[in-house]
Amino acid sequence: MAIVDLINVTYKYPLMDVPVLKNVTLQVQEGEFLAIIGPNGAGKSTLCYAISGFIPHFFKGELEGTVEVAGVKSKDSSLSEWVLKVGLAFQNPFNQMTGAKFTVFDEIAFGLENMGVPQTEMKSRVDDAMAMTGISHLAKRSPYSLSGGQQQRVALTSILVMQPSVLVLDEPTSQLDPIGTREVFGVIREMSKRGMTVIMVEHKMEWIATFADRLVALYDGEIILEGTPSEVLTSPQLASKGFGLSRYTLAAQAALDKGLWPKKRPFPITLDEAFEGFRLINP
Amino acid sequence: MKERLSLYVPRDSVLHRLNPLTKLTLTFSIILIGFVSSWFWTAAALIITVIIPLSIVGKVQKEYFWTALKLLVPVAGFIFVMQALFLPLNGKEIFRFWILHPTFESLAQGFLTAIRIFAMVSSFILFLLSTHPSEMMSDLTRRGLPGQFAYVIVSTLQIIPQMQAKAQTIISAQRSRGLDTEGSLRKRIGALVPLVGPLVFGSLVEVEERAIAIEARGFTSTRKKTFLHEVPDASVDKFIRLILLIIVALELMARIWQS
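Those sequence lines, one after another, are chains A and B.
For the first sequence, my numbering gives the first residue as 47, with consecutive numbering after it.
For the second sequence, my numbering gives the first residue as 95, with consecutive numbering after it.
So here's chain A without its partners, still in its complex pose (with noise of 0.2 Å):
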């Protein structure tokens, strides 16, 4: 069954005339790695907004349609109750942080605080969380002396430490440097071995290839495509809409005009397949 059901999700923000989603049909299986994907404007971060309660209740505007997690429509529950089903991660690591707390023990404490869990057992949770996304060493750092990927850590933690079911990031590592960003990934990576079910809005095509258990091209508000990651990165109906694709992906699309790349081979999305792709031709 379904852990996360969108049926027919159409939304508009406040004193906006067109909505940003439309009739947007989506289905997220328990487990399921999903990543999104879609230029600048087709509405990934109102995407996320809508799975994680925020859209109704954070953003107002018209929302039509139903967001149902674990059976539970997102309109029937208050916010502070849907962000134990599904946590949110976003870009900004810096913004993430509480700025009431002093350290990040006490900084992955404040939502446990928040929901009255009980003292011994919120230690314990923090520590527990710490140590699974390997940041036990920072416990008790200012949260604001740690590096962009440090903190980006300390923010999921956070969310991982209210132990929701459904993990929801918008483009985590967007404004990380390439060893954050392989750090948070090696985080979420371990979070969706251990069967939690993933929604990430990624623009890293080569990492999506080597995570996501299905991807979801977003354009405009509406879904266009769906898949494996290699069915829908190596669609040509991307290329020609603006969607950033890998850059492997376009020198193979560019190299067999000229007969340098196999004929019927599928495209290449990360280095490695450009490489077998590449010496088939060219051994």
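Take the hints with a grain of salt, since some may be wrong.
Unchecked claim - What follows is a set of in silico ranges between Cβ atoms, one per label pair, in the way DEER data are often shown:
(1) B:Pro168 / A:Ser220: 43 to 49 Å
(2) A:Tyr59 / B:Phe333: 55 to 61 Å
(3) B:Ile341 / A:Ser182: 45 to 51 Å
(4) B:Val175 / A:Phe105: 55 to 61 Å
(5) A:Gly180 / B:Arg237: 35 to 41 Å
(6) B:Arg237 / A:Phe105: 40 to 46 Å
(7) A:Ser220 / B:Leu163: 46 to 52 Å
(8) B:Val108 / A:Pro60: 53 to 59 Å
(9) A:Tyr59 / B:Val287: 28 to 34 Å
As the list claims (entries may be wrong) - When the alpha-carbon atoms are kept at most 20 Å apart in a straight line, the in silico EDC-like pairs for lysine to aspartate or glutamate are as follows:
(10) A:Lys169 / B:Glu324
(11) B:Lys319 / A:Asp152
(12) B:Lys260 / B:Asp274
(13) B:Lys319 / A:Asp303
(14) A:Lys310 / A:Glu277
(15) A:Lys58 / A:Glu76
(16) A:Lys68 / A:Asp266
(17) A:Lys106 / B:Glu303
(18) B:Lys318 / A:Glu167
(19) A:Lys106 / B:Glu302
(20) B:Lys318 / A:Asp266
(21) A:Lys186 / B:Glu324
(22) A:Lys186 / B:Glu229
(23) A:Lys169 / B:Glu229
(24) A:Lys186 / B:Asp106
(25) B:Lys318 / A:Glu127
These are calculated hints, taken from the structure and not from any lab test.
Each residue gets a CB set at the ideal place from its N, CA and C atoms; glycine is no exception.
With the hints as your guide, set chain B onto chain A.
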């Protein structure tokens, strides 16, 4: 760069271990007594017999001394000079120069105001030096202070230094594009304009994102909050608070009875 705007100095002392509310009660008691008392030397006596000894008990005498010297002496000195010179009080004139004719009365009044302000700010400094801001807030929230209010106070302590850093970045960015931030006063004020826009609008976006981030962690939950750090409230604390309240009440009654 400083990561937060706080005077707190971590030390292991009796003063640090007191409950924040006890210290807050002490602070306000000192202020009230200092201002209400009819005896001329009360505020000065409080500084010498209470505040300075307490700063030694709290092992923060060095920090207290420097903050007082850098912040308080100039402010109190300024108040003293202004009041002594300009208060139109009758009495024995000390000297006359131009429009200035200080009297012994205005001198005394100036001293009284200055020393009262000195005592007031001193007791606050002592409180801030020995109390961790988040400890104070979690204790006050537990006693019924709204969570939103506590959040605003504590987060400001950390966010202002971050905003200063951001302002610095914006200035550097504008300067690297040729903005002149040095020179005449008019030029400098003009240079503020391209700084304010990015800083204000950037901060507004940040506020929305931060609101989302704390909502994602159940900030508006209606469940009963719990606290990671229980701030101890010993019977000694309750005793000290009771004594302080009695002293303040007696002082107020004495004052009312006198008049």
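Numbered hints the structure breaks, given as an ascending list: Hints 6, 13, 15, 20 not satisfied by this model.
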